[in-house]
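Asker: One-letter residues, chain by chain:
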Amino acid sequence: MSTVPRFWRHISQRYNLVGTHCSKCDEYYYPPRTICPNCRRTAQMEDHKFKGKGTVITYTTIYNATDDFKRQTPYNLAIIELDEGPRLTGQVICSPNEIEIGMKVKPVFRILGKEGDRGIIYYGTKFVPVEGSVQPITL
Amino acid sequence: MRSVSIIGAGCTRFGERWEDSLRDLVVETGIMALEDSNVSGEEIDGLYVGNMSGGRFVEQEHIGALISDCAGLSRLHVPSTRVEAACASGGLALRQAVLAVASGYSDVVIAAGVEKMTDVTGGVAADALAAAADREWECFFGATFPALYAMIARLHMHRYGTTREELAQVAVKNHHNGSMNPISQYQMEITVEKVLRSPLVADPLRVLDCSPITDGAAAVVLVPTKIAHKYSDAPIKILATAQASDTLALHDRRNITTLDATVHAAKKAFGQAGLERKDIDLAEVHDAFTIGEIAAIEDLGFVEKGEGGKAAEEGLTWIGGKLPINTSGGLKACGHPVGATGIKQAYEMVLQLRGEAGKRQVEGAKVGLTHNVGGCGGTALVHILSR
Chain A
1 MSTVPRFWRH
11 ISQRYNLVGT
21 HCSKCDEYYY
31 PPRTICPNCR
41 RTAQMEDHKF
51 KGKGTVITYT
61 TIYNATDDFK
71 RQTPYNLAII
81 ELDEGPRLTG
91 QVICSPNEIE
101 IGMKVKPVFR
111 ILGKEGDRGI
121 IYYGTKFVPV
131 EGSVQPITL
Chain B
1 MRSVSIIGAG
11 CTRFGERWED
21 SLRDLVVETG
31 IMALEDSNVS
41 GEEIDGLYVG
51 NMSGGRFVEQ
61 EHIGALISDC
71 AGLSRLHVPS
81 TRVEAACASG
91 GLALRQAVLA
101 VASGYSDVVI
111 AAGVEKMTDV
121 TGGVAADALA
131 AAADREWECF
141 FGATFPALYA
151 MIARLHMHRY
161 GTTREELAQV
171 AVKNHHNGSM
181 NPISQYQMEI
191 TVEKVLRSPL
201 VADPLRVLDC
211 SPITDGAAAV
221 VLVPTKIAHK
231 YSDAPIKILA
241 TAQASDTLAL
251 HDRRNITTLD
261 ATVHAAKKAF
271 GQAGLERKDI
281 DLAEVHDAFT
291 IGEIAAIEDL
301 GFVEKGEGGK
311 AAEEGLTWIG
321 GKLPINTSGG
331 LKACGHPVGA
341 TGIKQAYEMV
351 LQLRGEAGKR
361 QVEGAKVGLT
371 HNVGGCGGTA
381 LVHILSR
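Chains A and B, in that order, are what the protein sequence lines are. Anchor point for the first sequence: position 39 equals 39 in the working numbering, and the numbering is continuous, going up by one each time. Anchor point for the second sequence: position 271 equals 271 in the working numbering, and the numbering is continuous, going up by one each time.
Since the hints were derived computationally from the structure, they do not count as laboratory data. Each residue gets a CB set at the ideal place from its N, CA and C atoms; glycine is no exception. Some hints could be false.
Stated by the list, open to error - Here are a few chain A residues that sit away from chain B, every Cβ distance over 12 Å (derived from the structure):
#: 1; residue: D26
#: 2; residue: C39
#: 3; residue: A43
#: 4; residue: K51
What the hints assert, rightly or not - Cβ-Cβ distance ranges computed for the label pairs, FRET-style:
#: 5; chain 1: B; residue 1: D24; chain 2: A; residue 2: D67; range: 51 to 59 Å
#: 6; chain 1: B; residue 1: K194; chain 2: A; residue 2: R6; range: 38 to 46 Å
#: 7; chain 1: A; residue 1: K70; chain 2: B; residue 2: H229; range: 50 to 58 Å
#: 8; chain 1: B; residue 1: Q272; chain 2: A; residue 2: N38; range: 27 to 35 Å
#: 9; chain 1: A; residue 1: P37; chain 2: B; residue 2: I31; range: 29 to 37 Å
#: 10; chain 1: A; residue 1: D67; chain 2: B; residue 2: W18; range: 18 to 26 Å
#: 11; chain 1: B; residue 1: E59; chain 2: A; residue 2: R6; range: 18 to 26 Å
#: 12; chain 1: B; residue 1: E189; chain 2: A; residue 2: P37; range: 40 to 48 Å
#: 13; chain 1: A; residue 1: K49; chain 2: B; residue 2: G321; range: 28 to 36 Å
#: 14; chain 1: B; residue 1: W18; chain 2: A; residue 2: K51; range: 28 to 36 Å
#: 15; chain 1: A; residue 1: T3; chain 2: B; residue 2: G355; range: 38 to 46 Å
#: 16; chain 1: A; residue 1: D83; chain 2: B; residue 2: K194; range: 20 to 28 Å
#: 17; chain 1: B; residue 1: E307; chain 2: A; residue 2: R40; range: 35 to 43 Å
Sequences are here, hints too, so could you generate the full structure?
Answerer: Have a look at this one:
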């Protein structure tokens, strides 16, 4: 069972999709990075709030989950490329038959999980399809 | 650097070893390796043990001291070090042991690996394994380990036309090999139909695409090649040891269907050994999931990127084919006690190169490669061995 700070620490990043941007090389990072892998110690990092719109790069539907997520099965998990460039892992709320590579998605605020009956309920961003959005993409 | 050889090897039977604890497994394999190598306790200069998560699986850390103690070496005060790189912990233990001998610091070193996984329930084991992925930015959102490999598989199928049947063929082949290996967790053959009818774990991967939860341990004994013949008539030389790392999270990779850590480790290993791909007679690769073997043979450079799916179906990677892969049964059929896997791969290679692999012997095997991955590619190790 975790303590509150473990979840509280990343509230702005997880609730509001705040990542980082290196103004030296103009690369965007989400999840946020403290050190830019391009510029390392010469980097100039600043916070950046992402719009959250993106494209499904690849996905799966999970039928067999860890204990914290068992009650949500089956659920879709995807790697999503945000319009600004970086990629993240997140759930896409739709039918397993509906999700496809190339689908456009947008963010929603949801409960992510519960640590058992007495533990912390934690929140963050999931994604939903943008209607009629599937386009062929070149990967 | 000194040339290093393996003079002895041991491996427990893999499986759900309910009667045995982590300590029992370590002792069993340690005795086998020492008897095989004719080494006495007083000669041992050091121990390295690969163990992913004693803390989660048996609530025991400090595995280094534990195994030295259980092996009866506590009064000799032999330095014993636990190393961890998730599912590549065993491969990393082997590398650390090789470096210790190659550097001249130690002469007789044991590389071991152990994992006792069935003392916890399935959900706890799945969560412990998920710790090899990015806890904060993958698992936090519901990622499991099979899910990450499923996303690699989905994109591989989308990009290269790899089929569901081709994935299944990897499991069919590895179960066939496992059925000829007495230590293998699964002794039964399976069919493509059986794989396709098994329950979904993370679409498109099904139960029979996944390596199982396994208890097991393995150990090898290393010495400088110069003195190897003092102990063994058939020492196995380590021609290369290479390791590479990459982003922890799959979503940060340059290319989701390529494990760059494998590509880099392979490049280094072939450079060290001064060999080409065609010089390799057989390989043990990291097939934690069927897509893992397909990506591995591509990333190691044995087939072109995108062509890995056809390999098992066309017979290339079967025993008797041009490049037999996972003659032990691989992680899929032989079992995957995570910390032990990298050492078990070396154990299988020792048997093959000595010509002691029985029904699954690759005729005329001279040079073999082992490939061990941590997480879904955050770490990769490649070793090349020869007789």
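Asker: Take the C-beta atom of D67 of chain A and the C-beta atom of W18 of chain B, compute their distance, and say whether it sits inside 18 to 26 Å.
Answerer: Once the Cβ atoms are compared, 22 Å apart, the range 18 to 26 Å for W18 of chain B and D67 of chain A holds.
Asker: Decide, holds or violated, for the assertion that all CB atoms of chain B are farther than 12 Å from the CB of A43 of chain A.
Answerer: 16 Å, holds
Asker: Check the following: the C-beta atoms of K70 of chain A and H229 of chain B are separated by a distance inside 50 to 58 Å.
Answerer: Once the Cβ atoms are compared, 56 Å apart, the range 50 to 58 Å for H229 of chain B and K70 of chain A holds.
Asker: Given the hint of 28 to 36 Å, check if K49 of chain A and G321 of chain B actually sit that far apart at their C-beta atoms.
Answerer: Given about 54 Å between the Cβ atoms, the range is violated.
Asker: Starting from the hint 35 to 43 Å, judge whether the C-beta atoms of E307 of chain B and R40 of chain A obey it.
Answerer: 36 Å, holds
Asker: If you check the beta carbons of K194 of chain B and R6 of chain A, does the distance land in 38 to 46 Å?
Answerer: 42 Å, holds
Asker: That 27 to 35 Å hint for Q272 of chain B and N38 of chain A (C-beta), does it hold up?
Answerer: Given a distance of about 29 Å, which is inside 27 to 35 Å, the answer is holds.
Asker: Range hint 40 to 48 Å: satisfied by the CB atoms of E189 of chain B and P37 of chain A?
Answerer: 46 Å, holds
Asker: 20 to 28 Å was suggested as the range; check whether the CB atoms of D83 of chain A and K194 of chain B agree with it.
Answerer: Given about 43 Å between the Cβ atoms, the range is violated.
Asker: Taking the Cβ atom of T3 of chain A and the Cβ atom of G355 of chain B, is their distance within the range 38 to 46 Å?
Answerer: 57 Å, violated
Asker: So does E59 of chain B sit 18 to 26 Å from R6 of chain A, Cβ to Cβ?
Answerer: 21 Å, holds
Asker: Check the non-interface label on D26 of chain A: least C-beta distance to chain B beyond 12 Å or not.
Answerer: 18 Å, holds
Of the numbered hints given earlier, the model fails hints 5, 9, 13, 14, 15, 16; all others are met.
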